[in-house]
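Peer 1: The listed protein sequences correspond, in order, to chains V and B.
For the first sequence, the positions run 2 to 178 when this note's numbering is used.
For the second sequence, the positions run 751 to 1003 when this note's numbering is used.
Simulated from the structure, these hints should not be mistaken for laboratory data.
Some clues are possibly wrong.
Which bits of chain V does chain B cover? Going by a derived footprint, with three or more residues having C-beta under 8 Å, they are [what the hints assert, rightly or not]:
1. 135-145
2. 152-158
3. 163-177
Below, in silico cross-link-like pairs of lysine-lysine (DSBU-like), each with a Cα-Cα straight-line distance of 35 Å or less [what the hints assert, rightly or not]:
4. K162(V) <-> K917(B)
5. K998(B) <-> K162(V)
6. K886(B) <-> K162(V)
7. K791(B) <-> K162(V)
8. K987(B) <-> K957(B)
All of these numbers come straight from a predicted model, not from anything done at the bench.
Positions of the beta carbon are idealized from the N, C-alpha and C atoms, including for glycine.
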Amino acid sequence: MRNIIAFLLMVAIGCQPLYGRVERAGGNNRVAVQNHSNNLNSNANVNRNYNANTNVNRNVNVNQNVNVNRNVNVNNNVYVHGGYYGGCCYHEDNDWGAFAAGAAVGVATTAAVAAATRPKQTTVVTNTVVVGSVVPSLPGGCATVANGSVVIYNCSNVYYKPFYQGSTLVYQVVTYP
Amino acid sequence: MNKFLGILILGLTVSRPMLGQKNETQKAATDVDPLALQIVKAATDPLKEAKAYSFRALVSRDLLGTNDQIITTFSTSQVTVQRPNKLHIKFRGRGEPVELFYDGSGKAVLYSPSTKFYTTLSTPTSIDACLADMSKKGVNIAVRNFLESDPYASLTDGLTTAYAVGKVDVFDEKVYHLAFTEPGAEWQLWVVGGDNPRVKRLEVIDKDKPHNPRIAVDFFDWDFNPAPSEDMFTFSKPADAHEIEMLKLTAER
Chain V
2 MRNIIAFLLM VAIGCQPLYG RVERAGGNNR VAVQNHSNNL NSNANVNRNY NANTNVNRNV
62 NVNQNVNVNR NVNVNNNVYV HGGYYGGCCY HEDNDWGAFA AGAAVGVATT AAVAAATRPK
122 QTTVVTNTVV VGSVVPSLPG GCATVANGSV VIYNCSNVYY KPFYQGSTLV YQVVTYP
Chain B
751 MNKFLGILIL GLTVSRPMLG QKNETQKAAT DVDPLALQIV KAATDPLKEA KAYSFRALVS
811 RDLLGTNDQI ITTFSTSQVT VQRPNKLHIK FRGRGEPVEL FYDGSGKAVL YSPSTKFYTT
871 LSTPTSIDAC LADMSKKGVN IAVRNFLESD PYASLTDGLT TAYAVGKVDV FDEKVYHLAF
931 TEPGAEWQLW VVGGDNPRVK RLEVIDKDKP HNPRIAVDFF DWDFNPAPSE DMFTFSKPAD
991 AHEIEMLKLT AER
């Protein structure tokens, strides 16, 4: 026992760090960074395949562009795949408003056309939000799900639970309660 | 006895490189300009001596993106301190505004008024220990040094170097520019002089992390004579408020 104490004492004395005191802690949470425009292109390809099955659409090239625009929003959900980094990352508000591709031009017209030709994959992509991902705010249209004393939100079948992460209120994607 | 000595020698052998590092650090620590310390003391002693004080801080903090590049985030903090151990901070940054209540009773509460979610942290009753404890729980307050019981000691303990760079203009205001290093970090301070010295800006570079992230704080609206009400520091739970948990921490520094 005395030997162990002597050894520990020596190591402790030698290893004592000389840390400074200025505050610099920031945690290890990473910010998800991704090229949104690359996703746009990949979805455009998907749309082409969809249109190829309907000869009528081949004659209406405008539709292809409309679909691309819609998929920008869908991609923001895919973006949550940042969870591949181990659920460590938070994701900022991805509402790009007028800067979203095509958002400022012909919205009323293209939206109507897009509704008729909306790709089937939209729902599928939305459901791929990774459990464990963290966002600072909820998407729109969420409903509260009763689960005892725990508050959970259902946002288009993606479930979010509020937590504090440091001094920030965040919402983590969770499995269906 | 021989065995005891053997273990002792082994222990010293293991720890020797660390002792060497410490000595080197101590040698380097001699380059401290007393003028720089004098200016820090003039600006921070009012915080130690005031019964209460308040200020507003604009904080920019570098985080790493998932592609390893620096991503800068912004927040503001409206801070009120009452000595010896009461603290209230209104945070505005990502997401909803959040308030921190700490009344020295052994707990701190984070509360979001807009959502009425709160969480309770069990903390020590001294403000220094409370701030250290909250930091371990992931509540990192960029202005922490300026909230501790002795801000001067908090900032200057363990310095490697301290220099007074000079008197410079920062956005049309004359300030003293100071530069410091310490193990793992370098930082700068800009201090307004005159009859009421006060800290204007702080910049800290973390040398221990990849890409050396930076925290910058601009200080505004120093008030060394506020009159905070007692209930400012104690959380009064609204009837419809919900308690939620802290998110489990990922590996911290």
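Peer 1: Run every hint past the structure and note whether it holds.
Peer 2: Against the structure, the hints:
Counting residues of the segment 135-145 of chain V whose C-beta lies closer than 8 Å to any C-beta of chain B gives 3; at least three are required, and the coverage claim holds. Using a Cβ-Cβ cut-off of 8 Å, 1 residues of the segment 152-158 of chain V lie near chain B, which falls short of the minimum of three, so the contact claim is violated. Requiring three or more residues with a Cβ within less than 8 Å of a Cβ of chain B, the coverage given for the segment 163-177 of chain V holds, as 10 such residues are present. Taken as a hint, the K162(V) and K917(B) pair is broken in the structure, with Cα atoms around 51 Å apart against an allowance of 35 Å.
At most 35 Å may separate the alpha-carbon atoms for a hinted pair to count; K998(B) and K162(V) meet this at roughly 13 Å. Restraint check for K886(B) and K162(V): satisfied, since their Cα atoms lie roughly 23 Å apart, inside the 35 Å limit. Of the pairs offered as hints, the one joining K791(B) and K162(V) is violated, with about 46 Å between alpha carbons and a cut-off of 35 Å exceeded. For the suggested pair K987(B) and K957(B), the alpha carbons sit about 41 Å apart, so the restraint of at most 35 Å is broken.
Of the numbered hints listed earlier, those contradicted by the structure are 2, 4, 7 and 8.
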